[in-house]
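All chains, please: the whole structure from these sequences, using the hints.
Protein chains in written order, with this note's numbering: chain A, 97 to 342; chain B, 66 to 568.
Read the hints as simulated data drawn from the structure, not as lab findings. A few of these clues could be false.
[As the list claims (entries may be wrong)] Looking from chain A toward chain B, a few residues come up when the C-beta cut is under 8 Å (computed):
#1 Arg150
#2 Ile176
#3 Thr188
#4 Arg190
#5 Thr226
#6 Leu261
#7 Leu264
[Claimed, not checked] Here are the in silico distance ranges between beta carbons for each label pair:
#8 B:Leu132 to A:Asn260: 45 to 55 Å
#9 B:Val460 to A:Ile168: 15 to 25 Å
#10 B:Glu336 to A:Asn260: 42 to 52 Å
[To be verified] Where chain A lies over chain B, by a calculated footprint (3+ residues, C-beta under 8 Å):
#11 332-344
#12 349-359
#13 419-428
C-beta: ideal position from N, C-alpha, C; glycine also.
So you can see what is in the structure, the chains are spelled out below.
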Amino acid sequence: MSAIRVRDLTKSFAGVDAVSGMGFDVDRGELFGFLGPNGAGKTTTIKILTGQLRPDSGAVEVDGTDPSVDPIETRRRVGIVPEGGVPPSFFTPREYFTYVSRLRGLESEIVERRIDEWAERLGLQDRLETIHTDLSRGQQQKVMIAQAFLHEPDVVFIDEPLANLDPLVQEQVKRQLADYVDDDNTAFLSTHNIDVAEDLCTRVGIVADGKIVAERDLDTADEPLLDVFLSTVDEAQPRDVPIVDR
Amino acid sequence: MTNASEAPADGATECTEPGVGTGHTETPPIRTQLAVTARALAREEWRVHTTLFGGYRFLTMPILITLFAGGTAWLLTETGTAPDAVLIGIHVCALAFGLYAGTAGFAGSAMLEDVFGTHQFLLGVADTLPLSRRLFLGLFLVKDALFYGCFFVLPMAVGAVGVSGFSGATPISLVGQWLSLWLVFVGGMAVTVGAISARTNGVPTWAIAAVALLAAVGAWASGWLDGGTVLVTAHSPVSMAILALSTVLVGALALAAYKPTHVPPSRTAPERFEGIRRLLPTDDPLVAKALLELGRSSGGFAKPFVSVGLLFGLVAGSLGIVESITGVAPAPGIFFGGILGVSAFTTYNWLTQFDDVSDYLVLPVSVVDVFRAKQLAFLFVGLPTAGLPYLLAVVWFDATPLDAIAGGAVLVGYSGYYYGLTVALAGFSPNEFLFDGGRFAAFGGGVAIALVPTLLAAFVLTPPSVLSTVLLVCASALLAGVGFVLSTRAATYWADRSMAGTA
Chain A
97 MSAIRVRDLT
107 KSFAGVDAVS
117 GMGFDVDRGE
127 LFGFLGPNGA
137 GKTTTIKILT
147 GQLRPDSGAV
157 EVDGTDPSVD
167 PIETRRRVGI
177 VPEGGVPPSF
187 FTPREYFTYV
197 SRLRGLESEI
207 VERRIDEWAE
217 RLGLQDRLET
227 IHTDLSRGQQ
237 QKVMIAQAFL
247 HEPDVVFIDE
257 PLANLDPLVQ
267 EQVKRQLADY
277 VDDDNTAFLS
287 THNIDVAEDL
297 CTRVGIVADG
307 KIVAERDLDT
317 ADEPLLDVFL
327 STVDEAQPRD
337 VPIVDR
Chain B
66 MTNASEAPAD
76 GATECTEPGV
86 GTGHTETPPI
96 RTQLAVTARA
106 LAREEWRVHT
116 TLFGGYRFLT
126 MPILITLFAG
136 GTAWLLTETG
146 TAPDAVLIGI
156 HVCALAFGLY
166 AGTAGFAGSA
176 MLEDVFGTHQ
186 FLLGVADTLP
196 LSRRLFLGLF
206 LVKDALFYGC
216 FFVLPMAVGA
226 VGVSGFSGAT
236 PISLVGQWLS
246 LWLVFVGGMA
256 VTVGAISART
266 NGVPTWAIAA
276 VALLAAVGAW
286 ASGWLDGGTV
296 LVTAHSPVSM
306 AILALSTVLV
316 GALALAAYKP
326 THVPPSRTAP
336 ERFEGIRRLL
346 PTDDPLVAKA
356 LLELGRSSGG
366 FAKPFVSVGL
376 LFGLVAGSLG
386 IVESITGVAP
396 APGIFFGGIL
406 GVSAFTTYNW
416 LTQFDDVSDY
426 LVLPVSVVDV
436 FRAKQLAFLF
446 VGLPTAGLPY
456 LLAVVWFDAT
466 PLDAIAGGAV
476 LVGYSGYYYG
486 LTVALAGFSP
496 NEFLFDGGRF
506 AAFGGGVAIA
516 LVPTLLAAFV
526 LTPPSVLSTV
536 LLVCASALLA
546 GVGFVLSTRA
556 ATYWADRSMA
566 GTA
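Right, dumping it as structure tokens:
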């Protein structure tokens, strides 16, 4: 059963196509990598899938909801970690988690337990009462990751999941994501980092020029992802990239 | 990386430019570094205004300032205010603007981040460049002083020059006015930078505020203020030299004391979000969030009170002058109710300093809900913020009961109207008024439509009758309704823009 379905999606800004004819499916229990170069349309697509942007045309279904019709219901169900997103400056992590939990209608006793669980998972226990402006960028990223999982959503969207995290926490996040999809949940990761996609995902969709140009099941594929990426992306979106002698 | 087609055939590294490719570069002389940085900063300033504020639309701002300063100066002198008093007033405005502009030294602070959204500025990456942060900040402030000197202070001078009438000496008078206003403006900047420098040396904010208060009271009590007013009205070479020297001295001391490596200690805080939420009559977490951010940021809940306090002090202080000019004491209730209503703008501004619409798009809330929450937060903060000074004015200036009722209605109704007007024109970014001539003019016009007739009424209805009180209450209710419609429609408008990706 599809957790995410996208058909003929288009979105343009001031006449420039950011997404043009995007289409793909992501099943339950998949850790799907949305891989593409900068400017390929990844973030715009995520924003449409999470009800942050209205598409120009096309059909989208996320966890049984249509984000273009009822964006709030979509956002109620899913978890979102935006690229470069930072938590509100003058909150502490504990206050922000409480605030997000209240917005999501979680019970008080569940809130406290989940905050403690996530603080432990991401090593934030001794930072729960520190004002966000005084946290490092990596710690702020941890807060943003934790807030997306507090309500135990069936689907999460993460834009550049491992950005700013130290190797130890990267491993923790990877393990967390693997456990998460093992429970028949769906993770949609957007990245331009091939190693991250290869390391984390069960399947990837390669995006170029606003659409999916190739899909690969990483459990069965034998061709290196880098080769697939370079050949498909360069074909779909020729770029003026200097040739490097290696 | 080397393009293969351009690489030397034998693969050898050919480096004719000194330093390139060796890992070591010759540091250019400081003069070159400063010149390059100054050019980059100037270019950036220009791009900020042309990119963020709608092409060349920001160029309408100097014209508006000229018209506003000229119109006000003309009105005041025509109604009998001494020209020197008008000039002093304009200098006070320049000083206040300089104090505000000096906050650029806080670059990277939450406030400036919010004004400019997610944009990164050259000053923000100064630490990555081989130039001292102190020098960089100095250059940045010089650039600001020159830019605002041309785009904001010069129009003030042009507007003010009419005070003494036009003659053959006008061009010289204009240059004198400009220089004097500019020096006062730069002095204000230098004082703010001085306060920032004190902070970077670990001086607590309360101590800085206490020193500022003591200095202000001391200057007033010792007669130094009178000396200051002589300085800005004399326009003699000596007065200019004293002004220039004091400005340079304060600026140089501030920069010398500035500690670029200062890192504030890590701050922790007890859980407050739930506490605030429980105190409110609404269960909406968005309202509690807005109030927590206001209370937790620098200055806490005192910020909106200080903004209104300044407005109140200015109006209360000038009431005697107005009375001596017109020969009539205005009805204090209506007069203060009308003026304090404008504080809706500053209060809403404080409530939107710490977030952006996009912050909420990852949460299950609509943009309309966010605006509704801001409206409620505005109610909780705005009522005491404007209400307390209003009550003080009513008691202090002996308003009649009917005047107090009429003024109270005006205060509430007009606040609602100004709030709606601000939300409709600026959405979540009321600070952009400072740079957008079109919206500033629309806002000014919207305020004047309500305020000017009300202030005139305050001079005619002394004291107001039952009938005039009823009429004022009705007018206030009508304006509050207009404000409500404006803010409700604005919420839908900004939500729609956000979803379309054009906000």
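Checked hints:
This hint holds: Arg150 (chain A) has a C-beta 4 Å from the nearest C-beta of chain B, less than the 8 Å allowed. Annotation: interface hint on Ile176 (chain A) holds; nearest CB of chain B at approximately 4 Å, less than 8 Å. Taking 8 Å as the C-beta cut-off, the interface hint given for Thr188 (chain A) holds, the closest approach to chain B being about 5 Å. Of the supplied interface hints, the one on Arg190 (chain A) holds, with its beta-carbon coming within about 6 Å of a beta-carbon of chain B, less than 8 Å.
With a least beta-carbon distance of about 5 Å to chain B, the hint placing Thr226 (chain A) at the interface is held under the 8 Å criterion. Look at Leu261 (chain A): its Cβ only gets to about 18 Å from chain B, farther than 8 Å, so that hint breaks. Here the hint on Leu264 (chain A) is broken, as its CB sits about 21 Å from the closest CB of chain B, past 8 Å. Between Leu132 (chain B) and Asn260 (chain A) the beta carbon distance is about 49 Å. The supplied range of 45 to 55 Å therefore holds.
Between Val460 (chain B) and Ile168 (chain A) the beta carbons are some 48 Å apart, a value that contradicts the proposed interval 15 to 25 Å. Taking 42 to 52 Å as the suggested C-beta distance range, the pair Glu336 (chain B) and Asn260 (chain A) does not conform, at roughly 26 Å. Here's how the stretch 332-344 of chain B fares: 9 of its residues keep a CB closer than 8 Å to some CB of chain A, so the rule of at least three is met and the hint holds. Taking a C-beta to C-beta cut-off of 8 Å, the stretch 349-359 of chain B contributes 6 residues in contact with chain A, enough for the three needed, and the coverage statement holds.
Under the rule that three or more residues need a Cβ within less than 8 Å of chain A, the assignment of the stretch 419-428 of chain B holds, with 7 such residues.
Hints 6, 7, 9 and 10 from the earlier list are contradicted by this structure; the remaining hints agree with it.
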